[in-house]
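Peer 1: Line by line, the protein sequences are chains H and R. The numbering of the first sequence is my numbering, which starts it at 3 and goes up by one. The numbering of the second sequence is my numbering, which starts it at 4 and goes up by one.
Since the hints were made in silico from the structure, they are not lab data. For glycine and all other residues, C-beta sits at the position ideal for the given N, C-alpha and C. A few of these clues could be false.
[What the hints assert, rightly or not] With a cut-off of at most 25 Å between alpha-carbon atoms, the simulated SDA-like pairs for lysine to any residue come out as follows: (1) R/Lys594 x R/Arg615; (2) R/Lys277 x H/Asp26; (3) H/Lys43 x R/Asp566; (4) R/Lys175 x R/Asn81.
[To be verified] Derived list of chain R stretches under chain H, where covered just means 3 residues or more per stretch with a C-beta under 8 Å from a C-beta of chain H: (5) 97 to 111; (6) 610 to 622.
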Amino acid sequence: MRINLRQMSDNQAGTIAAIKVAGDLGRRIRDMGMVPGTAIKIQGRAPLYDPVALRIRGATLTLRNNEADYIEVEVDD
Amino acid sequence: MQATVALAGNPNSGKTTLFNELTGARQHVGNYPGVTVEKKEGTYTHRDFLLHVVDLPGTYSLTAYSLEEVVARDYLVNEKPEVVINIVDSSNLERNLYLAVQFLEMGIPVCIALNMIDVAKKRGIEINADKLSKLLGVPVIPTIARTGQGKTELMESAAHIVQARKRYPALKISYGDDVDRAMLTMEEEIATNGFLTDTYPVRWIALKYMEKDEQILNLGRKLNPELSTRLEAMVQKVSNHLLNTLDTYPEAMIADQRYGYINSILKQGVIYQKYDPNRLYSSDKIDKVLTNRFLGPIIMLVVIAGLFHLVFTYSAAPVGWLESFFDWLGHSLYTILPDGLLRSLIVSGIIDGVGGVLGFVPLIMFMFFGIAFLEDSGYLARVAFMLDRVFRIFGLHGSSVMAFIVSGGIAGGCAVPGVMATRTLKSPRERMATLLTVPFMNCGAKLPVFALLIAAFFARYEAAIMFGITLGAWAGALLVAKLLRVTVIKGASTPFVMELPPYRMPTFKGLAIHTWERTWQYVKKAGTVILGFSIILWAMMTFPVLPESNMAEFESRRQSLLDSVPGSVRAELQRAGTGPGLSGAALNFQKQLRQIDYAEAEAGLRHSVAGRIGTALESVSHWAGFDWRTNIALIGGFAAKEVMVSTLGTAYSLGEVDPEESGSLSMTLARDPGWSPLMALGLIVFTMFYAPCFVSVVCISKESGSWKWGAFAIVFNTLLAFGLAVLIFQTGSALGVLLS
């Protein structure tokens with residue numbers, strides 16, 4: 003099932019399907035290791051539920067919910 | 004053999020640790036030309052070679068996303084270091100190689116340090132360095148920067164690259180048929196026109212055009228607008244095609260292919276992972292607690308408050324020693340030197356001024372040590388993560404935290420690097436709001452002022468007051484930021500994508516070097532700017548001297564007092580001097596004489612340039628309870644906040660003649676009837692918020708690109724501070740609190 007990253011729940015895993023943003027944000031997202039085909043897992047959220055922290059390629063990245071909106075993820079069942 | 008080696012790598016790859024391990028104390032910190040990014044350089048000697056090591060800013064990529072990336076790139080292109088040592092985090096190989104691939108694309112001689120190989124092993128990751136080396140075509144040396152393991156091999160292999168003088172052809176990765184084909188045409192155009200080729204490799208220019216790299220595009224448009232337009236059109240064509248067929252962008256395609264290339268290499272038996280790379284390690288388990296919804300913020304407050312407590316507790320003794328030392332020095336010189344302007348200059352101008360500032364060095368050292376610990380351990384990144392949502396409310400960015408903390412968000416920073424740290428912020432509006440509000444933080448220079456006032460009036464509540472001051476500074480800065488973001492700097496917010504590095508125990512060496520650098524910067528400032536300013540201030544407070552007629556009047560008062568005392572007392576004084584065991588009459592006489600001296604000095608100071616300015620301002624400042632001495636000190640504080648301490652010191656020691664009484668300044672203030680805890684509190688708040696020091700104003704103007712903003716900071720902040728101080732003083736006076 004394909005959902006966007008914001009909708010994923012804590013500890014849910016999946017594979018990035020698409021990143022629907024160009025420009026600075028898109029570049030930054032890719033430079034940090036998020037490209038289609040990469041496995042990710044939601045690690046948790048900040049005390050105010052935003053930003054979100056996720057595991058990717060063995061590292062932990064954080065991004066805001068409104069940035070997560072551009073990332074589509076094929077979630078594991 | 005001599006050569007220049009550049010250290011490059013992702014943030015948190017252990018780059019700085021390796022740099023410290025290589026250069027030890029043989030390093031110095033400066034800036035890259037024209038910009039404010041810190042440049043660390045040092046030397047490494049081994050056998051017959053001497054390597055000049057440059058620590059490039061930590062970056063994830065070589066795009067033009069942040070100033071750090073541009074600086075690193077420009078350095079590589081313009082300075083052409085003989086070899087780049089790329090430090091990669093072995094436990095995070097795939098992501099770290101993304102930068103390595105970009106060095107290879109530039110055709111730069113690279114040597115890879117497979118750092119933290121021990122951490123990788125612990126995580127069940129095994130890496131075949133030889134295989135990786137063979138596939139990438141560059142040396143790959145496993146290292147552990149913390150222990151120095153592998154550094155000799157690393158430097159030998161770097162030296163070997165220099166000696167071999169081999170040409171490294173730029174790595175050619177296929178970025179997919181469409182992009183590749185367009186790039187070939189672009190490369191031909193670029194090569195035949197010699198377009199930017201003096202500085203950059205041909206294929207790299209085409210690549211950057213494909214990536215829509217702003218810096219290169221701007222250079223190209225300036226150099227050859229016609230060709231640049233043609234190249235951009237070619238990129239646009241591919242771009243449209245990719246969007247229609249694959250629903251993607253050329254830059255995205257390029258990034259995908261780079262990761263694909265890395266993957267294909269790693270899959271050829273380079274890496275063996277025992278576990279799922281995204282499994283949670285102890286660091287992540289710690290995060291479950293430290294960034295927990297409820298515990299996280301509580302722990303954060305406890306950590307920050309605890310830091311204060313430790314810093315103040317442990318620095319109290321050394322601060323005391325230094326204070327007594329300068330008291331002793333001033334006193335000794337006072338007795339040795341003959342009365343006159345020279346003694347006044349040395350004791351009141353130089354020793355009191357500089358000593359007052361140097362006395363706080365231990366405090367600053369402890370504070371920086373604490374901050375460095377939080378930063379190096381990885382905790383500060385969590386603070387940014389937890390606070391981003393809050394910062395966004397005020398129109399700022401989670402990364403603003405760093406600028407605020409550097410400026411003294413945890414008291415003891417400096418607004419100058421803080422203002423500079425805002426360069427990592429990409430959005431001009433958030434950056435502007437941050438750089439205009441960071442001076443409200445309690446920088447290291449304000450600490451001596453606070454410490455002085457706290458010691459004089461709130462000694463029992465030291466930690467509590469400091470904590471309150473910190474929270475107050477944050478509240479003020481955030482509210483003002485919000486105010487600015489809805490008025491003078493309106494607009495939407497920008498990306499927040501960052502890494503939470505694993506928690507690591509900082510190395511003592513790293514902390515010590517960091518602490519030393521910061522402390523040394525502070526001491527240098529004390530030794531140069533402040534020494535100069537102390538002398539100027541001393542002159543302002545000494546000249547013009549009282550007119551002859553006034554001095555004669557004081558002299559005659561002294562004479563008449565002397566005439567009025569009985570001969571027995573005069574004889575006793577001549578016999579015993581000023582020592583103890585004097586009769587009551589003699590002591591009383593001395594006290595009266597001192598009062599005359601004091602009055603004369605005060606009259607002299609009021610008569611001086613500074614006194615006239617301070618007195619003129621009294622008509623306004625009395626609303627906040629500030630007298631002319633405080634006004635002079637606040638004027639001095641514009642040069643650097645800590646000058647307030649030295650100015651008050653000079654002001655009071657000029658008014659206080661008897662060297663037996665030259666106790667510490669805080670005791671003098673506490674005894675002075677013109678001061679009250681309420682006024683001290685108002686002054687603390689005024690000091691927090693009023694005009695940033697001159698250096699900060701210059702930086703703000705430079706960073707914002709306009710003197711208008713520098714002037715804004717001076718006027719706006721001072722009005723705000725004065726409003727708050729008046730509010731505190733008037734309300735407190737009306738309620739009758741804290742008056743004695």
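Peer 1: Now tell me, hint by hint, if it's right for this structure.
Peer 2: Here is what the structure says about each hint:
As the CA atoms of R/Lys594 and R/Arg615 are separated by approximately 28 Å, the hinted pair breaks the 25 Å bound. With a CA separation close to 36 Å, the supplied pair R/Lys277 and H/Asp26 exceeds the 25 Å bound. Taken as a hint, the H/Lys43 and R/Asp566 pair is broken in the structure, with Cα atoms around 93 Å apart against an allowance of 25 Å. Taken as a hint, the R/Lys175 and R/Asn81 pair is honoured in the structure, with Cα atoms around 22 Å apart against an allowance of 25 Å.
Here the segment 97 to 111 of chain R counts 3 residues with a CB under 8 Å from a CB of chain H, which clears the bar of 3, and the coverage holds. Using a Cβ-Cβ cut-off of 8 Å, 0 residues of the segment 610 to 622 of chain R lie near chain H, which falls short of the minimum of three, so the contact claim is violated.
Checked against the numbered hints above, the structure violates hints 1, 2, 3, 6; every other hint is satisfied.
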